[in-house]
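Engineer: What follows is the residue order along each chain.
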Amino acid sequence: MLPQHGSMNTPQLRADGLIKSYGDTTALAGVSLSINSGESVAIMGASGSGKTTLLHVLAGIVVPDAGAVQLATDAGPVIVSALSEAGRAGLRRGSFGFVFQQGLLIPELTAVENAAIPLMLNGMPRAAAQQHAASWLAALGLAGMEDRRIGELSGGQAQRVAIARAQVAGASVIFADEPTGALDSHTSADVMDALIASTTDRGRTLVVVTHDEGVAARCGRVVRLRDGRIVQSRTAATAEQDVK
Amino acid sequence: MRALRLAALFARPGAGSRAALVLPIIAFAVVSSLVLIVLAGVQVFFSWSDELAGFYQVLAVIALALLIVPLLGLGGSAARLSARRRDDRLSTLRLLGATGTTVTALTVLESTVLALIGAVVGVAGYSALVPLVGLVPFRGSALGAGALWMPVLEMVAVVVVLAALAAASAAIGLRTVVISPLGVRVRQTAPRTHWIRLVIGVVVVLVTVGAVSLIRGLGGSEDAMIAVILLTLTLGFGGTLAALNLVGPWVIGVFARRQVKHAQNAQRLIAARAILESPKAAWRQVSGVAMASFTAVFAGTGLALAQSAQSGADAQTRELTADIRTGIILTIAISFIMVACSVGVNQAAGILDRRDLYVSLDRLGMPIGAMDASRHRAIMSPLRIVTVGSALCAAVVILPLTGIAMITAPLSVATIAVSLAAGIAVVWLGLRSTRPVLTRVLHEPERV
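The listed protein sequences derive, respectively, from chains V and S.
With the working numbering, letter number 74 in the first sequence gets 74, and the count goes up by one each step, no holes.
One rule links them: number in the working numbering = place in the second sequence (from 1) + 1000.
Please note that a few of the clues may not be correct.
What the hints assert, rightly or not - Here are the simulated lysine to any residue pairs, SDA-like style, with alpha carbons at most 25 Å apart: (1) S:Lys-1261 - V:Ala-128; (2) S:Lys-1261 - V:Arg-221; (3) S:Lys-1261 - V:Met-145; (4) S:Lys-1261 - V:Leu-153; (5) S:Lys-1261 - V:Gly-123; (6) S:Lys-1261 - V:Gly-144; (7) S:Lys-1261 - V:Asp-147; (8) S:Lys-1261 - V:Gln-131; (9) S:Lys-1261 - V:Ala-138; (10) S:Lys-1261 - V:Gly-151; (11) S:Lys-1261 - V:Pro-107; (12) S:Lys-1261 - S:Val-1388; (13) S:Lys-1261 - S:Ile-1117; (14) S:Lys-1261 - V:Arg-148; (15) S:Lys-1280 - V:Asp-147; (16) S:Lys-1261 - V:Ala-143; (17) S:Lys-1261 - V:Glu-152; (18) S:Lys-1261 - V:Asn-122; (19) S:Lys-1261 - V:Ser-135; (20) S:Lys-1280 - V:Arg-148; (21) S:Lys-1280 - V:Gly-151; (22) S:Lys-1261 - V:Arg-202.
Quick caveat, the hints were computed from the structure, so don't treat them as lab data.
Every value quoted in this text rests on a predicted model; they were computed, and no experiment measured them.
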C-alpha cells in the first residue's frame, strides 16, 4: 500500500515576483504563482516562453535573480530560493520528485535499481530500498520487470520507472518536464493515467510542463506563459464556466 | 563526395560538440610530441659508434618497445574517442538512410583530420620540449638540443603514421554503428567478457615463463649474460603484457560483478554497474597504469641489478649504470605522462558523453561530491586491481631476477613502491582535473 499525502486547498508552493535572465534573454519577467497541496498544474507556452525555467526555479534547480519560492513543509515554510546548493539538493532528494521527457534513467542499472536510487541517496540500505522501489513498480504495473535494464523496456514502461523513482522517497511535489513528449498518444495517455493516479489521487502535488493540450486537460489548472510572464491561469471549473 | 559534403557540415560544431573535437586533438598532440621525443632519443643513441654504442642501442630499443606500445595504445584510444564521440549524430544519419559506406567514410575522414591537426600541434610541442630534453645527461654530458632535432621527413612520417592509425581505429571503432545503429543508440544488454580470455592469458604466461627459463640457460661470457638479461626482460615484458591485455578485462568484469552484488550505497552501485557495462573500456582507461606498473617492476629490477654491479666497478661502468638509471626514470616518467593524459581525456569525454545522466542525478538531489565519488570509484577500483595484478605478474615472470634484486638492493623495492604510488597519484590528479568539466555540465546543462 503506497502512502497518502496532504490535503487540497493548502498553499504548498508559492512563487513571488520571479525574475530570471540568461545573458540578454529574460526567461522569467516577474512570475507569481501559488500551488495548493494535492493540486495538479500544467504550465504551457511556446518554446522560449520560460516554462522550463519556471519549473527549474520552483524545484530549486535554478536560483532566480529576484523573487522567492516558498515551500510549505511539516517543519514550517522553507524559502527554497534562499537555500544553499546543498540545501536545495537535500530538498530535491526528500520533498521533490522529477520526471523528465526522456526518462533520464541510468541505462546500466536495472528498473528496480533505478527506482531505488533516491532512497539509497537518503541512506536507506539497498535491500530495503529495492524492496520499497519494487512495490512502487508493481503499483505502476511493472511487476516482474524489476530486473530488466532500461534498454529492455518500452518508452512507456521506462517512464513508469521514472515516475516510481520520482516518488519512492516520499516526495510531496512532483515536477514533470514534458513527461509524454517522447511517447505516442496511446502510451501518453497510459503514462498520464499512471502519473495522476500516483500523485494527485494520493494527495501529492503535480506540476507538469507540457506542449500537449491533452496532457494539460488532465490537470486541475493550466497556467500559460508568454515572454516570461503568466498570461492566463485557468482551472477546470473556470473553463467549464467559459463553455457555459 | 557525399561524405565530403557531410564532413563539411559536421565541421561546424555546436557548443556541445566543441569538446568532442578538442579532446582528440589534445590526445593526438600529446602522443605525437612523446613519440617524436622518444624517437629523437633513439636517434641520438644510434648516432654513436664507439665500443659501447651497441649496448646503448639495445637499451634504446628496449625503451622504445616499452613506450611505443602504450603510446600507440593511447593513440588508438584518441582515435576511438574521436570516432565514438559522434556516435549519436552518426547513428541518426544511419537511421535517416545514409549508407554504411557514407557513415564509415565520414567518420574515418573526421578522425583522420583531427589526428592530423593534433599531430601537427604535437610537432610544435616537441619543438618546444627539445631544449628541455637536451639538458638530460647521458655519457657524462647533456644530450644537447641540436642532437635531438629530427629530420623533417621523419617528422612528416610520424604525422602520417598517426593519421593512418586514427583512420584504422575509426573504421574499427564505428563498426557497431554501421552494423546496427540501434545497437549503439539503445544499450539493451551489458556485454560479457568471456572466461576463455583467462585460459589464453594463462597459456601465454606459461609459454613466456618457459621461454624465459630456456633463454636463461643459455648464459656464458659477460656479453652473453647481458644479452640473456635483455632478452629475458624483452620477452618477459612482451609476453606478459599480451597476457595482461587478454586477462585484464575479464578480471575487472569478475570484480565488478562482485561489487554490484555487494554495493550498499548509490555511489558504489552506479560505479560498479558502470564498470560492468564495459570491462574492456574500464581496462583501456587504466591499462596505461598496468604498463607503468609493469615497467616499474622491470625498472626496479634493472636499477637494483645495475647498483649491485657497481661495487668495485671502473668509471666507465659507473657511467653506464647512471645512464641506465636515467633511461629507466625517463621511461617511467613518459609512461606516467601518457597515463595522466589518457585518464584526463577519457574522463572529460566520459562526463560529456554522459552529461544527461549527471544532470538527472543532480536534479534527483545527488550531491556533486557523491557523483565524483562514484566516478572516482569507477576508475580507482579497476586501477587497484590492475596495478597490483600487473606488478605481481611482472614479479612472477622474472622471479629470479626480482628475487636477486630484492636481496642485493632494497632500492628496487623502494623504486617499485614509489613508482606505483606516483602512478596512482597521477591517475587521481587526472581524475581531479576533470571535476570542473562536471561542475560546468551541471551548471550549464544545455550549453556544454
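Engineer: Each hint needs a verdict: does it hold in this structure or not?
Structural biologist: Consistency of the hints with the structure:
With a C-alpha separation of about 15 Å, the suggested pair Lys-1261 of chain S and Ala-128 of chain V falls inside the 25 Å cut-off, and the hint holds. The hinted pair formed by Lys-1261 of chain S and Arg-221 of chain V fails the criterion: a straight-line CA distance of about 45 Å is larger than 25 Å. Our distance criterion of 25 Å between C-alpha atoms is met by Lys-1261 of chain S and Met-145 of chain V, whose separation comes to about 18 Å. A distance of roughly 22 Å separates the Cα atoms of Lys-1261 of chain S and Leu-153 of chain V; the hinted pair therefore holds under the 25 Å criterion.
Taken as a hint, the Lys-1261 of chain S and Gly-123 of chain V pair is honoured in the structure, with Cα atoms around 18 Å apart against an allowance of 25 Å. Proposed proximity of Lys-1261 of chain S and Gly-144 of chain V is supported: the alpha carbons are some 20 Å apart, at most 25 Å. Simply put, Lys-1261 of chain S and Asp-147 of chain V have alpha-carbon atoms about 13 Å apart, close enough for the 25 Å limit, and the pair holds. In summary, the hint linking Lys-1261 of chain S to Gln-131 of chain V is supported, as the alpha carbons are separated by about 15 Å, within the 25 Å threshold.
Between Lys-1261 of chain S and Ala-138 of chain V the CA atoms are separated by roughly 23 Å; this keeps the pair inside 25 Å, and the hint holds. The suggested pairing of Lys-1261 of chain S with Gly-151 of chain V holds, with an alpha-carbon distance near 21 Å, which does not exceed 25 Å. Under the criterion of a C-alpha separation no larger than 25 Å, the hint pairing Lys-1261 of chain S with Pro-107 of chain V is consistent with the structure, at around 17 Å. For the given pair, Lys-1261 of chain S sits about 23 Å from Val-1388 of chain S by alpha-carbon distance, which is consistent with the 25 Å threshold.
Under the criterion of a C-alpha separation no larger than 25 Å, the hint pairing Lys-1261 of chain S with Ile-1117 of chain S is inconsistent with the structure, at around 45 Å. Using a Cα cut-off of 25 Å, the hinted pair Lys-1261 of chain S and Arg-148 of chain V holds, with the two alpha carbons roughly 16 Å apart. Simply put, Lys-1280 of chain S and Asp-147 of chain V have alpha-carbon atoms about 23 Å apart, close enough for the 25 Å limit, and the pair holds. For the suggested pair Lys-1261 of chain S and Ala-143 of chain V, the alpha carbons sit about 21 Å apart, so the restraint of at most 25 Å is met.
For a cut-off of 25 Å, the pair hint linking Lys-1261 of chain S to Glu-152 of chain V stands: about 21 Å separates their Cα positions. A threshold of 25 Å between alpha carbons decides the hint, and for Lys-1261 of chain S with Asn-122 of chain V the separation of about 20 Å falls inside it, so the pair holds. In summary, the hint linking Lys-1261 of chain S to Ser-135 of chain V is supported, as the alpha carbons are separated by about 21 Å, within the 25 Å threshold. Under the criterion of a C-alpha separation no larger than 25 Å, the hint pairing Lys-1280 of chain S with Arg-148 of chain V is consistent with the structure, at around 23 Å.
At most 25 Å may separate the alpha-carbon atoms for a hinted pair to count; Lys-1280 of chain S and Gly-151 of chain V meet this at roughly 20 Å. About 34 Å separates the Cα atoms of Lys-1261 of chain S and Arg-202 of chain V, which puts this hinted pair outside 25 Å; it is violated.
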